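Colleague: The primary structure of each chain is shown beneath.
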Amino acid sequence: MRKPLGSIAHTRSGDKGDTANIGVIAFRPEDFTTIVREVTPERVKQFFGDLVKGNVERFELPNLGAINLLLHESLGGGGTVSLRVDAQGKTYGAALLRMEIEID
Amino acid sequence: MIRIANGQGFWGDWLEAPVRLVEQGPIDFLVLDYLAEVTMSILQKQKQDNSALGYARDFPPLIGRLAHGLKERNIKVVANAGGVNPAACAQAVLQSAPGLKVAVVHGDDVLDRIDEFLGKGYEMRDMDTGRPISTIRSRILSANAYIGAFPLAEALDTGADVVIAGRSTDTALTLAPMVHKFGWQPGDWDKLAAGTIAGHIIECGAQCSGGNCQTDWQNIPGMADIGYPIVEAEPDGSFTVTKHANTGGRVHSDTVKEQLLYELGDPKRYITPDCIADFTTVQLTNTGPDRVRVTGIRGGPRPPTLKLSISYANGWKAVGTLVYSWPQALEKARAADRIVRQRLAGLGLAFEEIYTEYFGMNACHGAAAPPNPDPPEIQLRIGVRGQDRKAVDRFTRELIPLVLNGPPGATGFGEGRPPVREIVAYWPALLPREEIQTRVEAIA
Numbered sequence: 005m006r007k008p009l010g011s012i013a014h015t016r017s018g019d020k021g022d023t024a025n026i027g028v029i030a031f032r033p034e035d036f037t038t039i040v041r042e043v044t045p046e047r048v049k050q051f052f053g054d055l056v057k058g059n060v061e062r063f064e065l066p067n068l069g070a071i072n073l074l075l076h077e078s079l080g081g082g083g084t085v086s087l088r089v090d091a092q093g094k095t096y097g098a099a100l101l102r103m104e105i106e107i108d
Numbered sequence: 005m006i007r008i009a010n011g012q013g014f015w016g017d018w019l020e021a022p023v024r025l026v027e028q029g030p031i032d033f034l035v036l037d038y039l040a041e042v043t044m045s046i047l048q049k050q051k052q053d054n055s056a057l058g059y060a061r062d063f064p065p066l067i068g069r070l071a072h073g074l075k076e077r078n079i080k081v082v083a084n085a086g087g088v089n090p091a092a093c094a095q096a097v098l099q100s101a102p103g104l105k106v107a108v109v110h111g112d113d114v115l116d117r118i119d120e121f122l123g124k125g126y127e128m129r130d131m132d133t134g135r136p137i138s139t140i141r142s143r144i145l146s147a148n149a150y151i152g153a154f155p156l157a158e159a160l161d162t163g164a165d166v167v168i169a170g171r172s173t174d175t176a177l178t179l180a181p182m183v184h185k186f187g188w189q190p191g192d193w194d195k196l197a198a199g200t201i202a203g204h205i206i207e208c209g210a211q212c213s214g215g216n217c218q219t220d221w222q223n224i225p226g227m228a229d230i231g232y233p234i235v236e237a238e239p240d241g242s243f244t245v246t247k248h249a250n251t252g253g254r255v256h257s258d259t260v261k262e263q264l265l266y267e268l269g270d271p272k273r274y275i276t277p278d279c280i281a282d283f284t285t286v287q288l289t290n291t292g293p294d295r296v297r298v299t300g301i302r303g304g305p306r307p308p309t310l311k312l313s314i315s316y317a318n319g320w321k322a323v324g325t326l327v328y329s330w331p332q333a334l335e336k337a338r339a340a341d342r343i344v345r346q347r348l349a350g351l352g353l354a355f356e357e358i359y360t361e362y363f364g365m366n367a368c369h370g371a372a373a374p375p376n377p378d379p380p381e382i383q384l385r386i387g388v389r390g391q392d393r394k395a396v397d398r399f400t401r402e403l404i405p406l407v408l409n410g411p412p413g414a415t416g417f418g419e420g421r422p423p424v425r426e427i428v429a430y431w432p433a434l435l436p437r438e439e440i441q442t443r444v445e446a447i448a
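Chains as they are written, first to last, in this note's numbering: chain A, 5 to 108; chain B, 5 to 448.
Just chain A, with the same shape it has in the complex:
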């Protein structure tokens, strides 16, 4: 069954230079494996399109039922250099809630 990621997870995002990070956290621990299977770096990069110029890295935190995504070169230079209204990627986590994933 296809559903938006936001039906099983919540997120928080922020910045480190020109890299945005998105923490994706399962509401229920048993959905962690679904998130690992579905929210791959390739699909996240594709989802954000030309917003992400660099690669996407992913780290797993099974203890929190969470993954951490690093979106490199995604903030228009980052910090004070960026001309974007969301120069810190504060809203990127919310954007990802819309991504459609396959849920068992």
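Hints listed in this document are in silico derivations from the structure and should not be mistaken for laboratory results.
Keep in mind it's a predicted model, so treat the numbers as computed, not measured.
There may be inaccurate statements among the hints.
[To be verified] Calculated from the model, a selection of chain B residues having no Cβ within reach of chain A, i.e. all distances over 10 angstroms: (1) E27; (2) D119; (3) A373; (4) I404.
[Unchecked claim] With a straight-line Cα cutoff of 30 angstroms, these simulated DSS-like cross-link-like pairs (lysine-lysine) come out: (5) A:K94 - B:K272; (6) B:K311 - A:K94; (7) B:K272 - B:K49; (8) B:K272 - A:K57; (9) B:K49 - A:K94; (10) B:K394 - B:K124; (11) A:K57 - B:K124; (12) B:K272 - A:K49.
Glycine included, every Cβ here is placed at the ideal spot set by N, Cα and C.
Assemble chain B onto chain A, guided by the hints.
Modeller: Below, chain B alone, put in the same frame as chain A:
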């Protein structure tokens, strides 16, 4: 057990938060985080204009306001409010609160030592891009080493009521009271990692106690009276995150998890001057209303280098907006953007970047935003940046004429031309830690 509260997640955070933390329940330490990555450069400019400035100017009057409560309840303050002039900050605090003992941590400011470091062969390459610092040497505005918890703990050891540091890490502010009270040493890596992660959880103030929380945000109670976070720390490194009773907000494993993931890189290697903390070892348990117990944290040895926070001048920028109304709001805004770009090119103006966003369509989420076929209004937002200030200034005069000489239906120009701002960019670099010797000065 000691109670450590964070009353300021950044310079500009809620002014009432530290006052409420002192007055509304028990705490032993109040930590206040004032410094973001480019704050130091702003403070450096203020110091150049006036040698008695260069620190967080909100801090001394706040301590004046808190002084009676701090004394009465024996609460110690740890803050990185000193910026690039901790000594002047200390003097201002003593004037606002004459009865308090102040200690200052010196040694993080290395602006005058850059050439010395270059002479020793330290390239101080940008940790993000790999460029050597020689490429921006003449444009450096500030340079500070991130210092850890041990110098701050040493300052608490002097019996100070208020500890003032310059560029300490955010997490060190929270870890320092634990090092001071529990006698932790380098080598106690698991405990230092636990205190560091406690610091990470509360360093953004209410962002772990219900603020900016996605989960069930509509039902988080009492947001107008949100309680700022308190860590109840134990000598074994375990701790509980909570807030004062009868305050708003929420402390729950969901709110704490969101903050744990905030601005995180590799979770197994969270590097600070004090240790390397492993976020994959954190265990959270909801132990009561607004109480989350945190256990199991492991860490590793501190790195042989310290991180430098360097800022440098990197040109100029300006961002201007116009609003276009229905019908064809987006089409009109796009047409206006094309006209502006054509006129700038016609003037022979070159920029490093011209960037356009359409508020109401894609400003936040770009290509990931859902379609919005017939928006009632769109805000056109065009930004430019470059090294030529005159070119950026000329750009700021190209938006308002469009109200009369561009597509129909433009408004929202009431604030006039947008300001031209200097870009102060951030340059993170590494330096061998033995180059930085901190010094604690206790002031009566």
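Colleague: The structure should be examined with respect to each hint, and the outcome stated for every one.
Modeller: Outcome of the hint check:
1. E27: 30 angstroms, holds
2. D119: Fine: 25 angstroms to the nearest Cβ keeps B:D119 off the interface.
3. A373: 7 angstroms, violated
4. I404: 19 angstroms, holds
5. A:K94 - B:K272: 23 angstroms, holds
6. B:K311 - A:K94: Cα-Cα ~25 angstroms, so holds.
7. B:K272 - B:K49: 37 angstroms, violated
8. B:K272 - A:K57: 25 angstroms, holds
9. B:K49 - A:K94: Judged against 30 angstroms, a Cα distance of about 28 angstroms means the pair holds.
10. B:K394 - B:K124: The hint is violated at about 39 angstroms.
11. A:K57 - B:K124: Violated. A:K57 to B:K124 sits at ~36 angstroms, over the 30 angstroms cutoff.
12. B:K272 - A:K49: Distance ~23 angstroms between B:K272 and A:K49 Cα, so the pair holds.
Checked against the numbered hints given earlier, the structure breaks hints 3, 7, 10, 11 and satisfies all the rest.
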